[in-house]
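**Student:** Combine the two chains into a complex, taking the hints into account.
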Amino acid sequence: MTATAPVPRLIEQFEHGLDAPICLTWELTYACNLSCVHCLSSSGKRDPRELSTQQCKDIIDELERMQVFYVNIGGGEPTVRSDFWELVDYATEHHVGVKFSTNGVRIDEAVAAKLAASDYVDVQISLDGATAEINDAVRGPGSFAMAIRALENLKEAGFKDAKISVVVTRHNVDQLDDFKALADNYGATLRITRLRPSGRGADVWDDLHPTAEQQVQLYNWLVAKGERVLTGDSFFHLSGLGEPGALAGLNLCGAGRVVCLIDPVGDVYACPFAIHERFLAGNILSDTGFGAGFQNVWQNAPLFRELREPQSAGACGSCGHYDSCRGGCMAAKFFTGLPMDGPDPECVQGFGEPALAQDRDKPKSHLDHSRSGGRKGPVPLKLLAMPAKAPQKFCNESPV
Amino acid sequence: MAFDPDRGWQLHHQVAVRPEPFGALLYHFGTRKLSFLKNRIIVEIVNSLADHPDVRSACRAAGIDDDQQGPYLHAFGVLVQSKMLIPVDQNSPEGSTAS
Numbered sequence: 001m002t003a004t005a006p007v008p009r010l011i012e013q014f015e016h017g018l019d020a021p022i023c024l025t026w027e028l029t030y031a032c033n034l035s036c037v038h039c040l041s042s043s044g045k046r047d048p049r050e051l052s053t054q055q056c057k058d059i060i061d062e063l064e065r066m067q068v069f070y071v072n073i074g075g076g077e078p079t080v081r082s083d084f085w086e087l088v089d090y091a092t093e094h095h096v097g098v099k100f101s102t103n104g105v106r107i108d109e110a111v112a113a114k115l116a117a118s119d120y121v122d123v124q125i126s127l128d129g130a131t132a133e134i135n136d137a138v139r140g141p142g143s144f145a146m147a148i149r150a151l152e153n154l155k156e157a158g159f160k161d162a163k164i165s166v167v168v169t170r171h172n173v174d175q176l177d178d179f180k181a182l183a184d185n186y187g188a189t190l191r192i193t194r195l196r197p198s199g200r201g202a203d204v205w206d207d208l209h210p211t212a213e214q215q216v217q218l219y220n221w222l223v224a225k226g227e228r229v230l231t232g233d234s235f236f237h238l239s240g241l242g243e244p245g246a247l248a249g250l251n252l253c254g255a256g257r258v259v260c261l262i263d264p265v266g267d268v269y270a271c272p273f274a275i276h277e278r279f280l281a282g283n284i285l286s287d288t289g290f291g292a293g294f295q296n297v298w299q300n301a302p303l304f305r306e307l308r309e310p311q312s313a314g315a316c317g318s319c320g321h322y323d324s325c326r327g328g329c330m331a332a333k334f335f336t337g338l339p340m341d342g343p344d345p346e347c348v349q350g351f352g353e354p355a356l357a358q359d360r361d362k363p364k365s366h367l368d369h370s371r372s373g374g375r376k377g378p379v380p381l382k383l384l385a386m387p388a389k390a391p392q393k394f395c396n397e398s399p400v
Numbered sequence: 401m402a403f404d405p406d407r408g409w410q411l412h413h414q415v416a417v418r419p420e421p422f423g424a425l426l427y428h429f430g431t432r433k434l435s436f437l438k439n440r441i442i443v444e445i446v447n448s449l450a451d452h453p454d455v456r457s458a459c460r461a462a463g464i465d466d467d468q469q470g471p472y473l474h475a476f477g478v479l480v481q482s483k484m485l486i487p488v489d490q491n492s493p494e495g496s497t498a499s
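First to last, the sequence lines map onto chains A and B.
All letters in the first sequence, in the order written, are residues 1 to 400 by the working numbering.
All letters in the second sequence, in the order written, are residues 401 to 499 by the working numbering.
Some hints here could point you the wrong way.
[Stated by the list, open to error] Cross-link-like lysine-lysine pairs, in silico, DSS-like; alpha carbons within 30 Å at most:
#	chain 1	residue 1	chain 2	residue 2
1	A	K45	A	K163
2	A	K163	B	K483
3	B	K483	A	K362
4	B	K433	A	K99
5	B	K433	A	K155
6	A	K99	B	K483
7	B	K433	A	K114
8	B	K438	A	K114
9	A	K114	A	K45
10	B	K483	B	K433
11	A	K57	A	K99
Everything labelled a hint here was simulated from the structure, so no lab data went into it.
One chain only, chain B, in its complex shape (with noise of 0.2 Å):
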């Protein structure tokens, strides 16, 4: 799956986060994978994506303006890759705010 930030990504809802001081922790029911949100804003970003109609727009919301936006949109990259963010029209029969 290719990570596209101008589209809309949610959580998998096998996927639970654990709030820490440094960011959070992810832990995927399903693969069984652990992952570390390591930042404050990272963290602000994944909880308001359900808010937000593609990442991009998200990050801007956390106050990451497009031309900062790089090390976000690679970690969230690494996110969809371990497949703790999925496309919001999957695993979301009842819709959202999406497309």
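Next up, chain A with everything else stripped away, as it sits in the complex (with noise of 0.2 Å):
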């Protein structure tokens, strides 16, 4: 045999973070036709400082030096960028797949026979009830029924194992079967992810997050059905619920480790939940001291060192589990006002309601791009059109 030097487990080599992310998350735009009561980026109105077509194309060419295999493109809704599709095969022509997540708008059947031509592009149809009153309870009048309206185009023209992807509510869980039904029926793979208390999420997080015993009933239907469900790596704190590696995924919170955000202004975060100047890393257009562009952020930035550290266990550090839910989600903590060193806010042992209960100071995004007024129906798109002469702009959400 030859001789090498040992290498330390994979895990082990993941928290201390990788020469580029596994998996990138570019939300483009803030800019979106809806309102959903959970956005993670509390989206609505464009940034006027959003990327500009050549400024997306510049960090598409670094993805591909980096060797980032793909990028999951959202937003805001992506596709109502002017250059979306420009980028699109902009990305794929650089060896860069995509992944975007859309509420459907704009997938009429010309777009879902353009997409379904291409090999490198994968849609990810948002979709939060399997009826639409629980959906469009969540993500406004009309939404249900525009994502099915994308659902049938895509079936229609061809497109092969289009992903919905649903937030897991209170109000949601037990339409799983549903979800898994409908997904069926269009050809498609069901994604599920974890609801997350980031962006306008922080205001119905209380009332919409499942309950202790419906987080049960959702890791049972994930070991017994899971097997070809989608799940991002979502529900690692669900992990200590029963045996190791009962849940497929590597049960770790890859936050500026092995993902990342990068923003519609070129802002670094380190994940997709994580919009706040807590977790800012940096900025790709401007040097903050260790250099410009979007590797040099990755490698350097001094928040994605910290993150790489080895972190403390805490309060949790004496809890037999810590080794299978490490504690948790690091944006759910913060966001619900809890120490980042203690129990995640939905802990399966229970350790998260006392601490919920206490007096919590729930911090605030520096960044709301919502719409003034609240929701009033959908919003009808000319309200999205660009000022001229405005810079263009670009990006969504999904770990690892």
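**Tutor:** Structure representation (structure tokens):
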């Protein structure tokens, strides 16, 4: 046997960070035709500083050099950028695969046909209820019909294996079988992820996050029926409910280690659920002490270096389940006002509940692109028309 | 597709290899699946497949004798199942070193 230095376990390698992210989320725009109550990025209005087409292409060039295999593009609603398809084509021509999240607004028959012709583009349609009633309460009137029409167009065009992306809430957790049936009906794959208290999600989390009983229900459903369901490793906080390894995935917080977020103005955050100054690593366009460009931010930003250091188990250190859940989700703790070195707010051992019952100071993000006046039904797309000479923009969400 | 270590295999043309300190990441643009090569020897073997008529001789060339090849052949079997590796006579109309 050839002698080689022992290689640390894979999960330890990941904890120390990789030279480039495995999975990168890029929110192309804060503009959105919807106003979902739980929007992670508090989207609505376009940011006037949005990256130009050329700036986006420069970032794609850099991702190609770093061999970032694919980006998860979202927003806002990324397809409302007038250069969206140009950027998708540019990325795939440069060996950066694209998975984009959309509410379906622009997926008409022609677009569906174009998508069906590409091997390198994956489409994820967001849906938060298997019925219009439950979906539209969260995503807005008409949004269920819009998503279903997009799925129908994709199916008709012969697009293979679209994703239906569901954020699990108190109100749709009983519909998991229905979502699966819906996905099967459209030849799609179901993807379910965790509700995070990020962005506008902070305002509704208390009322929408699954109850303790529902967390167990969700876990059991995943173990029994989750084999062909994607989760983005979203539910690693549940892994203490059963045998280690019962849930597929890395069971590791990848923030700043294997994932990160680029926002529409080129700011880089540790993860898609952490749009807050505390998790802002740097900006791609400006040199704030460690060089400009994405690679410099990824490799040298002090925040990312800090996140790649061993993290303290803190109050969870004496818990026998720490090795499974590793204290849960950093963003979930932060935005619910819990200590970062304590239990996840949805800790399955029940340690989150007393912590939530105490006085908490919930940090507000410095960014909010919500339209004022709240939601009054679907927003006419003409509101999204860009002012003349506006800079171009682009971006969305999804972890490992 | 059953894995036969006594024949030639190659990476699918839609698979990209990204070197990492622990080994390498593999990504298949067609299936959109990610795999990990968890040590540097298997990376060396994967990268040298084209220079050998079959997988066993690629292993030997990397210093892995026949009686030690079990874990490596198992890993290659997994890569074949996930379509990361395909037989040399597919996907290489220009011919190759094998057969």
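**Student:** Work down the list of hints and note, for each, if the structure agrees.
**Tutor:** Against the structure, the hints:
Note on K45(A) and K163(A): the hinted pairing holds, with a Cα-Cα distance of about 26 Å set against a maximum of 30 Å. Restraint check for K163(A) and K483(B): the C-alpha separation of about 21 Å stays at or below 30 Å, so the hint holds. About 47 Å separates the Cα atoms of K483(B) and K362(A), which puts this hinted pair outside 30 Å; it is violated. The suggested pairing of K433(B) with K99(A) holds, with an alpha-carbon distance near 13 Å, which does not exceed 30 Å.
With a C-alpha separation of about 22 Å, the suggested pairing of K433(B) with K155(A) holds against the 30 Å cut-off. Restraint check for K99(A) and K483(B): the C-alpha separation of about 21 Å stays at or below 30 Å, so the hint holds. Between the alpha carbons of K433(B) and K114(A) the distance comes to roughly 23 Å, so the proposed pair stays at or under 30 Å and holds. Under the criterion of a C-alpha separation no larger than 30 Å, the hint pairing K438(B) with K114(A) is inconsistent with the structure, at around 38 Å.
Taking the CA atoms of K114(A) and K45(A), the gap is about 28 Å. The hint holds against a cut of 30 Å. Proximity of K483(B) to K433(B) is assessed by CA-CA distance (about 10 Å); at most 30 Å being required, the pair is judged to hold. At most 30 Å may separate the alpha-carbon atoms for a hinted pair to count; K57(A) and K99(A) meet this at roughly 16 Å.
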